[in-house]
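J.: Hints given; two lone chains; assemble the complex.
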Amino acid sequence: MATLNANIPSGPLAQKWTRHRNESRLISPANKRKYKIIVVGAGLAGASASAALAELGYEVHNFVYHDSPRRAHSVAAQGGINAAKNYQNDGDSVWRLFYDTLRGGDFRAREANVYRLAEVSVQIIDHCVALGVPFAREYGGLLDNRSFGGAQVSRTFYARGQTGQQLLLAAYSALCRMIAAGQVKSYTHTEMLDLVVVDGHAKGIIARDLRTGRITRHNADAVVLATGGYANVFYLSTNALHSNATAIWRAYKRGACFANPCFTQIHPTCIPVSGEYQSKLTLMSESLRNDGRIWVPKRPEDCSKHPHDIPESDRDYYLERMYPAYGNLCPRDIASRAAKKVCDEGRGVGPGGRGVYLDFSDAIRRLGLAKVQERYGNLFDMYREITGEDAYQVPMRIYPAVHYTMGGLWVDYNLMSNLPGLFVIGEANFSDHGANRLGASALMQGLADGFFILPLTIGNYLATVHPSQRPSTDHAAFAAAEADVTQRLNQLLHCRGKRTPTEFHRELGRLMWDHCGMSRNRAGLQSALRQIAELRDRFWHEVNVPGESTCLNQALEKAHRVADFLELAELMCLDALHREESCGGHFREEHQLPDGEAKRDDERFAYVAAWEYAGPDRSPVLNKEPLVYEEVRMTTRSYK
Amino acid sequence: MKVTLKVWRQKDAQSPGRFVTYVTPELNPNMSFLEMLDVVNEDLIRRGEEPIAFDHDCREGICGTCSLVINGKPHGPHRGVTTCQTYLRSFKDGDTIVVEPFRARAFPVIRDLIVDRSALDRIMWAGGFISVRTGSAPEANSLPVPKDVAERAMDAAQCIGCGACVAACKNASAMLFVAAKISHLGLLPQGQPERWRRARAMIEQMDREGFGACTVTGSCEAVCPKGISLEFIARMNRDYAVALLKGDSPVRAAAAL
Ligand SMILES: Cc1cc2nc3c(=O)[nH]c(=O)nc-3n(C[C@H](O)[C@H](O)[C@H](O)COP(=O)(O)OP(=O)(O)OC[C@H]3O[C@@H](n4cnc5c(N)ncnc54)[C@H](O)[C@@H]3O)c2cc1C
Ligand code: SF4
Ligand code: FES
Numbered sequence: 001m002a003t004l005n006a007n008i009p010s011g012p013l014a015q016k017w018t019r020h021r022n023e024s025r026l027i028s029p030a031n032k033r034k035y036k037i038i039v040v041g042a043g044l045a046g047a048s049a050s051a052a053l054a055e056l057g058y059e060v061h062n063f064v065y066h067d068s069p070r071r072a073h074s075v076a077a078q079g080g081i082n083a084a085k086n087y088q089n090d091g092d093s094v095w096r097l098f099y100d101t102l103r104g105g106d107f108r109a110r111e112a113n114v115y116r117l118a119e120v121s122v123q124i125i126d127h128c129v130a131l132g133v134p135f136a137r138e139y140g141g142l143l144d145n146r147s148f149g150g151a152q153v154s155r156t157f158y159a160r161g162q163t164g165q166q167l168l169l170a171a172y173s174a175l176c177r178m179i180a181a182g183q184v185k186s187y188t189h190t191e192m193l194d195l196v197v198v199d200g201h202a203k204g205i206i207a208r209d210l211r212t213g214r215i216t217r218h219n220a221d222a223v224v225l226a227t228g229g230y231a232n233v234f235y236l237s238t239n240a241l242h243s244n245a246t247a248i249w250r251a252y253k254r255g256a257c258f259a260n261p262c263f264t265q266i267h268p269t270c271i272p273v274s275g276e277y278q279s280k281l282t283l284m285s286e287s288l289r290n291d292g293r294i295w296v297p298k299r300p301e302d303c304s305k306h307p308h309d310i311p312e313s314d315r316d317y318y319l320e321r322m323y324p325a326y327g328n329l330c331p332r333d334i335a336s337r338a339a340k341k342v343c344d345e346g347r348g349v350g351p352g353g354r355g356v357y358l359d360f361s362d363a364i365r366r367l368g369l370a371k372v373q374e375r376y377g378n379l380f381d382m383y384r385e386i387t388g389e390d391a392y393q394v395p396m397r398i399y400p401a402v403h404y405t406m407g408g409l410w411v412d413y414n415l416m417s418n419l420p421g422l423f424v425i426g427e428a429n430f431s432d433h434g435a436n437r438l439g440a441s442a443l444m445q446g447l448a449d450g451f452f453i454l455p456l457t458i459g460n461y462l463a464t465v466h467p468s469q470r471p472s473t474d475h476a477a478f479a480a481a482e483a484d485v486t487q488r489l490n491q492l493l494h495c496r497g498k499r500t501p502t503e504f505h506r507e508l509g510r511l512m513w514d515h516c517g518m519s520r521n522r523a524g525l526q527s528a529l530r531q532i533a534e535l536r537d538r539f540w541h542e543v544n545v546p547g548e549s550t551c552l553n554q555a556l557e558k559a560h561r562v563a564d565f566l567e568l569a570e571l572m573c574l575d576a577l578h579r580e581e582s583c584g585g586h587f588r589e590e591h592q593l594p595d596g597e598a599k600r601d602d603e604r605f606a607y608v609a610a611w612e613y614a615g616p617d618r619s620p621v622l623n624k625e626p627l628v629y630e631e632v633r634m635t636t637r638s639y640k
Numbered sequence: 001m002k003v004t005l006k007v008w009r010q011k012d013a014q015s016p017g018r019f020v021t022y023v024t025p026e027l028n029p030n031m032s033f034l035e036m037l038d039v040v041n042e043d044l045i046r047r048g049e050e051p052i053a054f055d056h057d058c059r060e061g062i063c064g065t066c067s068l069v070i071n072g073k074p075h076g077p078h079r080g081v082t083t084c085q086t087y088l089r090s091f092k093d094g095d096t097i098v099v100e101p102f103r104a105r106a107f108p109v110i111r112d113l114i115v116d117r118s119a120l121d122r123i124m125w126a127g128g129f130i131s132v133r134t135g136s137a138p139e140a141n142s143l144p145v146p147k148d149v150a151e152r153a154m155d156a157a158q159c160i161g162c163g164a165c166v167a168a169c170k171n172a173s174a175m176l177f178v179a180a181k182i183s184h185l186g187l188l189p190q191g192q193p194e195r196w197r198r199a200r201a202m203i204e205q206m207d208r209e210g211f212g213a214c215t216v217t218g219s220c221e222a223v224c225p226k227g228i229s230l231e232f233i234a235r236m237n238r239d240y241a242v243a244l245l246k247g248d249s250p251v252r253a254a255a256a257l
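Keeping their order, the protein sequence lines are chains X and B. Take the first sequence: its position 240, counted from the start at 1, is 240 in my numbering, and no numbers get skipped. Take the second sequence: its position 141, counted from the start at 1, is 141 in my numbering, and no numbers get skipped.
So that you can see chain B by itself, here it is in the shape it has in the complex (with noise of 0.2 Å):
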């Protein structure tokens, strides 16, 4: 099979950027969307012509570096996987496929279909842990953990970080990342001493990297490749109503040191 693709081409964060069309060689059906690009990319780089830049790494869905925009949609055309994930077998010979970078205010294109997630490592920094120094634990089955709870919080967990829910988003919300992470740990029992303050410090960072408002249309529970639950959002929205009302101070639990 062929396909012909129109990619999102850009030179750095201050140049525009503009679509370039590109008709493949001859491809098989088993390749991963990914390995099409290199192939594109190998035929690139022998013509002296620089390939299309990007991310990607573990192609297994599990890392969170893959990104892209396929037909307008995070991650490709099916629901629960990654771009690496997505294979050539769901597309058709002689389809035009249109391929762009996640695009929203707080990721800026470093070039190409690469973009600077940055902003959701900040996040984490604000809040996203619990505060236990190394060598000071207790006994890990001290605290039991109902076994419905450790699989709620892993349901959270899973959240690979690849910030699709923000690209899929009108408003460029970041609420299904965030709220994935204060669940996790706001679910299990070492993370209620923290809970209000992490809940509170994490969603006033995310205001201040620019990420848009939820107006809870659902469009990243749609597009997650982890299936994370629109229903940590609610859970959120409580924990941070909660924290406001308890009045805790948001400061960064490790300034606390």
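Chain X extracted, bound-state conformation (with noise of 0.2 Å):
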């Protein structure tokens, strides 16, 4: 059984960080140069991580699958950042934004890390400034906000509808201004492989050059994960469609634990699906709930009907009805469930009754036109590049879709795995959002713990082991790494079957969605389990991979990717079996209070499900870390 140390400082919430920082090893600056430290990823957590580092004088290698850092997936993110700066004068503070998360996430996210998650959050927003992101400002000169789901007060700070952008350009701006001064070395379009592990300790990585598929070695003295989430395990999702699972997931394969996987965010605003061409799934930003009115019709036969034929008194403001302290704004595992309940009565709108309408007239009489184009024209060009509707004169027609994974691998406070020297970061780890992420924290996240955590928790690490004991690249370790790599991608090159690894992929998806997404069930999960043994099986005899190792070949990078997908697939599913609760986006269909809502059982669930790889033809073993709040007391979730 692995030893689950959480770290938790001692003494009261607030003050846990303070005394935590004053208390962590430190690194004389002389000293620091010599330590090396790989960080894989430069989304908004590996690239602040990056450049943090290195700033400090560590010697800093940073690794991308893509062609430059600045294209990882927090690109995408629209709605904004939160951050506890109470600019509005409307009630908020750190624990206020603490409690929101906590409580958003269904109590089932690690407190003290979510409390320090809170107090970082103000620093976030002032350093992005300094590095020039050009977030909204109001007439005066100062910062502007909105709100997002799940709270009450405006907090969210943001770039028009890209804020991920720009906050990822200024992350990479950081890092480039480190890459100039010699402090960082970095390696694109290098996909890390494989964990390396030396007694017990994470020490390098395998990686591949996707230009030339060369294999390489890389050792150092601490490995930081930033990889991002596993939501394209799905198939269709909101995530760019390289997103992946294979860096957690074969460090997981070393012995990293696997915290909660089963905790997925299906999004409530998404464009419908519209065939079976679709490649992936488009976010509209959660912000336009903050103006947009969600409905359906409230009888079915009004569904094939114009929505301007259906007037006011047969429309269900159905969020607002359930929910009317939150209405449109409840948070995301509640807005899309609901989305998924009246679809089932069959009020569901557009193509195959999968639809609600989000409508934006009230807010065109309120607000007028032009603010609300200020506010979202960009997101209402997209919805209808895709769609081909104007959304400004019809409601837009949205669906959920599978969007963040809250789970991921296991991090004590210090951010690192119960492998010592793994750090993990970002999407990839999942401590601070429990059971259900509200907007806009995921951007927080990734910068609180690659600007301002990591780089000092690091220390604490780094202080017990000594750059001259670094292990080198012929450690037999590494070949041994190398060598199962190699193997996996021959055995993928040579199966030379039928068929192509994204049918595969399909395939998976479509039976996690049905039986491990919006809602669940003990016959769907065991029978989504033998399904996926089965379809792995045929994966490595009908799978066709054409073309060579030596070369740029994306079949073959995507053919690996998918063989994880199928191995995480039954880690999501055994872990959702066994967690005989509901807890914010887990929804267990045995589980629910008799108006339908999610019942969590504290008594028994109150953990951490921590997974453990135990050999290939084993079944992981469950180590349990207890949730102990000291400063909360677990409540049930009501937005009524």
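These are computed hints drawn from the structure, not numbers from a lab. Every value quoted in this text rests on a predicted model; they were computed, and no experiment measured them. Honestly, I wouldn't trust all of these hints.
Distance condition first, Cα-Cα at most 27 Å in a straight line; then the derived BS3-like pairs of lysine-lysine [claimed, not checked]:
{"hint": "1", "chain 1": "B", "residue 1": "6", "chain 2": "X", "residue 2": "498"}
{"hint": "2", "chain 1": "X", "residue 1": "341", "chain 2": "X", "residue 2": "305"}
{"hint": "3", "chain 1": "X", "residue 1": "640", "chain 2": "X", "residue 2": "599"}
{"hint": "4", "chain 1": "X", "residue 1": "85", "chain 2": "B", "residue 2": "147"}
{"hint": "5", "chain 1": "X", "residue 1": "498", "chain 2": "B", "residue 2": "11"}
{"hint": "6", "chain 1": "B", "residue 1": "147", "chain 2": "X", "residue 2": "371"}
T.: Take a look at the structure:
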């Protein structure tokens, strides 16, 4: 069994981080230079961590499979980033941001980590403004805010509908500065395919140059994974097409525990699926819920009518009806499930009856067209591009889609996994969002981890190891890991079956969406487990990967990622099956209240499920980290 | 609908390339252009042939990864969108569509339709940043930025670094890309201390990378998916002139760490 010590500092919640900073081990500037750190990923988390570590003097090696660090999936975030600045004087505070985030996560996140996140949030905005992020401003020249789901204050900072892009460009620019200074070596188009563990410590990676196919070994004193989420296990999601789970999955198979893998976020406002050929789903930012009103016809027979022909009295603004306190701004898991419910009742609109209206006519009347255009223009443009419809004239049609994964590798308060020397930050770890993430909090977490937390906490590990003892890449563990990688790639190339990697991916996605998606039940999960095992078996016999491994080969890249998804999917279903409660995005049909709301079971499930790999033909071991709340009482979430 | 594709295929930078013709299976006009290539590729893989290599990731017009010159136009027939936001409804049943990589001396072909755009990153290293150490920033609202200035900076900051401007330019100049970055940072009060040095360092790196000169024909602006305005080039030229007059050393700002 793995030992999971969360290393939460003692003392009152509000003083834990300060105390931890005061007590963390420091490394002298002269010694920092001798330490070499690998950072995989250059999204908000990886780029900010690489820059900040380099500024401190560490030698940083940054890896991305993208052709440039600036293209990480963080670039696609639209809506905004939360911070407890209370610029609106509406009663916000670090405590409130902390509490909203913890409650939004349905009390399945670690209390101390979330509090720290809220605390650090204010520094992020300061730093990003200094780096040149052109955040939206008011006429007086000060920063503007908008509201987001799950909160009754306005604390979200934004840059048109391109907040993620602007924050990523800022983190990337900080990274560029450190590359120029020779403190960071940047490897682009280079994919980590395995983690190297020496004597129980993470000491390097095996990577493949995607242009030449060359496999290389890289050693380090510590390895940081900032490789993003795994929502693409569902095939269709709002993530970029290349987002994948390989880095964290390989780390899991080398001994890092995978925490709460089944906690997936289904986002309520995405453009509905239009056909079999569909390669991804497009998110319409949650910020739209600020001014748009969601409705479906009251009667199924009205669904085929033009929305303008359905009078007010025949519309059901179901979120406003069911959750009057939060209305259209209730958290994502709740809004998504409500959409599924009304569509299951036969009241969905659009092709296949899988859609609900998001209507801006009231907002246009109230604010004027110009204001709506200023706030959401690019989102309306995007909607028109994709659907050919003008949402200023007719309501948008939206439907939930897989968007984010709260689960990820287990980490302690230092953001280190149970494998010493392996740090995990950003969406790739599990710690801050519990069973459901609130909008505008992933960008916050990525930058908090990368700029402000990891650069300090990593010292606690580095102080215990000496750079002169860093294993060389000739070490047997490197050779063995490289051999594994080569063998896997060759096996894929030699199957020469008849089906494409994408066909398997699509089939896996459908399975996961049906059985491990917005609502789950025992029979469905058990059947999914059987079907996944069978699909994986077929994959290794029937997949076709043309070409060689010694040059750019996108089919090979894809096949390798799908192979890992086929394993991870099983762990997700296992986790969903074992968690006999409903919480946040994890809704078990067997566990609901009479009104259909989630029924959490704090007595049995107030813990983090940290799964440990036990070998190829053995079930993984379940480790539990109890969620001990020192200052907050777990209550039933109510947004009514 | 069905279309005929003439696609540039090239094994690597050293090998010669050529056009190969493919007749697509039945397509749906609501497909995106890249989804059409997916369908063609799926067919190729099933037949054991190597799929057409092309760049893409977000498929929603923001990461700047997708490229392609479609019927002679970078990012296809429409203004203000990327290739991944181009849909088949913009083409007619039976059309022949020519698909090529972004061509420029500074963008060598890696394979088929994928080119190496790392020169753009190296321009960024030369000075595309504001030098602030993590932890040293002042309170965010301590320095008001007039709304119109912030909006103007945002107009420039929207550049997605795709390189279409380079591909469209007969001189393969990267002026629009560089101007966008220089203007984004140079407009904001936070970017003032390094303004002149940044302009000079980035422009000189651009020249070193083998991009051509700007003759203001405006084809870059016409293909730019983010509508980056030529006015930013004029602004950059002024900044560059001032930088030369000031005689600030273009030494990388970072060297002064
Ligand atoms: C459409 C969309 C909109 C969103 N909007 C918001 C929002 O408004 N507010 C908000 O807070 N959050 C939002 N989110 C969530 C948020 O964007 C992400 O959770 C966050 O950006 C993840 O950042 P990251 O740094 O952890 O990972 P990513 O940005 O995904 O970066 C991953 C990095 O890892 C690299 N990588 C991965 N695997 C490997 C490997 N094996 N080898 C080498 N490199 C590897 C990649 O190249 C990349 O650089 C949104 C998400 C989506 C999908
Ligand atoms: S200026 Fe426009 S065309 Fe050029 S790189 Fe930027 S977004 Fe692309
Ligand atoms: S694929 Fe990201 S911009 Fe086209």
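J.: Could you run down the list of hints and mark each one as holding or not?
T.: Here's how the hints hold up against the structure:
1. 6(B) with 498(X): holds, 26 Å
2. 341(X) with 305(X): OK: residue 341(X) and residue 305(X) at ~20 Å, within 27 Å.
3. 640(X) with 599(X): Within the cut-off at roughly 16 Å; holds.
4. 85(X) with 147(B): Roughly 20 Å separates the two Cα atoms, so the pair holds.
5. 498(X) with 11(B): holds, 24 Å
6. 147(B) with 371(X): Roughly 15 Å separates the two Cα atoms, so the pair holds.
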